[in-house]
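Throw the hints in and build the complete structure from the sequences for me.
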Amino acid sequence: MKAVAAGLAACSLLLAVSIVLAQSPNSGKAPAAAAQGYDPAIYAELQKAPEKVRRRANPLENDPDAVAAGAILFELHCAECHGDGARGGKKGPNLRAAEVQAAMPGAIFWILTNGVVRKGMPVWSKLPEPQRWQLVRYIKSLGGPAPAAESPAPKP
Amino acid sequence: MTSVLRLVLLGFFLVFVLSVFCTSPARAQESPYIVAYDHYLEEPGNLEIEYFSTVGTQRAGNNFHAFWAEFEYGATAWWTTEFYLDGQTTFNDSTVFTGFRWENRVRLLEREHFINPVFYVEYENKSGADKILKEVEGHDVESDFLVSNAQARNDHIHEIELKLILSSTFKGWNFTENTLAAKNLSNSPWEFGYALGASRPLALKASTKRCTLCPQNFVAGAEMYGGLGDRRSFGLHDTSHYLAPALGWNLPSGWTLRISPGFGLNDNSHPFLMRWGVSREITGFGSMVSRLFGGRK
Numbered sequence: 080m081k082a083v084a085a086g087l088a089a090c091s092l093l094l095a096v097s098i099v100l101a102q103s104p105n106s107g108k109a110p111a112a113a114a115q116g117y118d119p120a121i122y123a124e125l126q127k128a129p130e131k132v133r134r135r136a137n138p139l140e141n142d143p144d145a146v147a148a149g150a151i152l153f154e155l156h157c158a159e160c161h162g163d164g165a166r167g168g169k170k171g172p173n174l175r176a177a178e179v180q181a182a183m184p185g186a187i188f189w190i191l192t193n194g195v196v197r198k199g200m201p202v203w204s205k206l207p208e209p210q211r212w213q214l215v216r217y218i219k220s221l222g223g224p225a226p227a228a229e230s231p232a233p234k235p
Numbered sequence: 008m009t010s011v012l013r014l015v016l017l018g019f020f021l022v023f024v025l026s027v028f029c030t031s032p033a034r035a036q037e038s039p040y041i042v043a044y045d046h047y048l049e050e051p052g053n054l055e056i057e058y059f060s061t062v063g064t065q066r067a068g069n070n071f072h073a074f075w076a077e078f079e080y081g082a083t084a085w086w087t088t089e090f091y092l093d094g095q096t097t098f099n100d101s102t103v104f105t106g107f108r109w110e111n112r113v114r115l116l117e118r119e120h121f122i123n124p125v126f127y128v129e130y131e132n133k134s135g136a137d138k139i140l141k142e143v144e145g146h147d148v149e150s151d152f153l154v155s156n157a158q159a160r161n162d163h164i165h166e167i168e169l170k171l172i173l174s175s176t177f178k179g180w181n182f183t184e185n186t187l188a189a190k191n192l193s194n195s196p197w198e199f200g201y202a203l204g205a206s207r208p209l210a211l212k213a214s215t216k217r218c219t220l221c222p223q224n225f226v227a228g229a230e231m232y233g234g235l236g237d238r239r240s241f242g243l244h245d246t247s248h249y250l251a252p253a254l255g256w257n258l259p260s261g262w263t264l265r266i267s268p269g270f271g272l273n274d275n276s277h278p279f280l281m282r283w284g285v286s287r288e289i290t291g292f293g294s295m296v297s298r299l300f301g302g303r304k
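Protein sequence lines, in the order shown, are assigned to chains A and B.
Residue numbers for the first sequence follow my numbering, beginning at 80 and rising by one.
Residue numbers for the second sequence follow my numbering, beginning at 8 and rising by one.
None of these hints come from the bench; they were simulated from the model.
Please read all numbers here as calculations on a predicted model, not as lab measurements.
Here a beta-carbon is modelled for each residue, glycine too, at the ideal position from N, C-alpha and C.
None of the hints are false.
Reference excerpt, derived from the structure (chain B facing chain A, CB under 10 Å, subset only): (1) Asp45; (2) Arg114; (3) Glu119; (4) Asn181; (5) Ser214; (6) Arg217; (7) Gln223.
Below 30 Å or equal to it, Euclidean Cα-Cα: the simulated DSS-like pairs (lysine-lysine) are: (8) Lys216(B) - Lys169(A); (9) Lys198(A) - Lys178(B); (10) Lys198(A) - Lys131(A); (11) Lys198(A) - Lys219(A); (12) Lys219(A) - Lys216(B).
Listed below in structure tokens is the structure:
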């Protein structure tokens, strides 16, 4: 009985700790500010992609269905953090930002594959490679910043 | 004891109801494995609630239905913690609660590599009547389950289990190898086991419309698992082994269904295990709990 109570107490404690950790900046909550603003530091991870990977061409560059399929994948897997239409959300930054749009497809693919684990973005290599390239096509299709009416201007 | 368990179960039920009504589900991309683990962890702040069932055949005894609930929470992108409640029904005998488990998986490397290691540590507090066969270790054999529930329940087991999960993804395939070492804390030798798995989605590209029956929503594979003896008698003698094809179906609504018929590979194994499971991933669970306690909106 004592062991059961101790076990349950330990589990409760760990659950509480893990929930607190999930709220901490290291687990991805800090980008909340970046989601509304355009803090360039958030996008610095793109620069960490190795040169060889960055230069990889998107094999689905000419696939007419890739953007539509990528939009559905984004809604299913990414919008939770990066917001509807990739405009930035509670956890993840705006992917319409110039830093992302100017990045090479290979760099975005690298981020999707490896995540930014320290900052709360999980690895997405669980999605097959073609699906990750479909996501890259969708993200790159978003072009420049969203219209002002849809995306509030960053606070100074 | 019973009242504590009732309270715990009621608590989890309330959490489940709150989760369903207060947060949105995420579409999971789960592997079909039931025993083996790959290196993918739960997304941070998400809770996955899972129910699994195993119906096993028993020679010279009563068949059984073992079941367990899992509550899997992504504490961070590199740490997933999980709580289990286990039970079983032995036909022509009784239904018993058999214990709980608390499991943690930690990703050891920051980035993806050809082989991705994950460290797993679990504490188990269970009775001897446990039959979920979530892992096979040491000299676990079919005849262990011949004892009646009333007698088996008197045996209390406190066990620490360690695993090294090595998982790779290559051209859409996932290959995983789990090495297991378990120690009953009441003066028993270390026991060893293994689980191997391979799986692949039926289609690698996503389709252009949301669909339930699209091939990319199905992941097919197989897993093999068994015991490797203990510290005093390491090896394959007096051990049981299973081979189990597995199919996972990830629905766009956030539900995942898994089914896996398992076949015993030697005379020490149960001839047949029918496993299935259903799970639902709840996004933003951590934020919801935080808000309940006055955290950041």
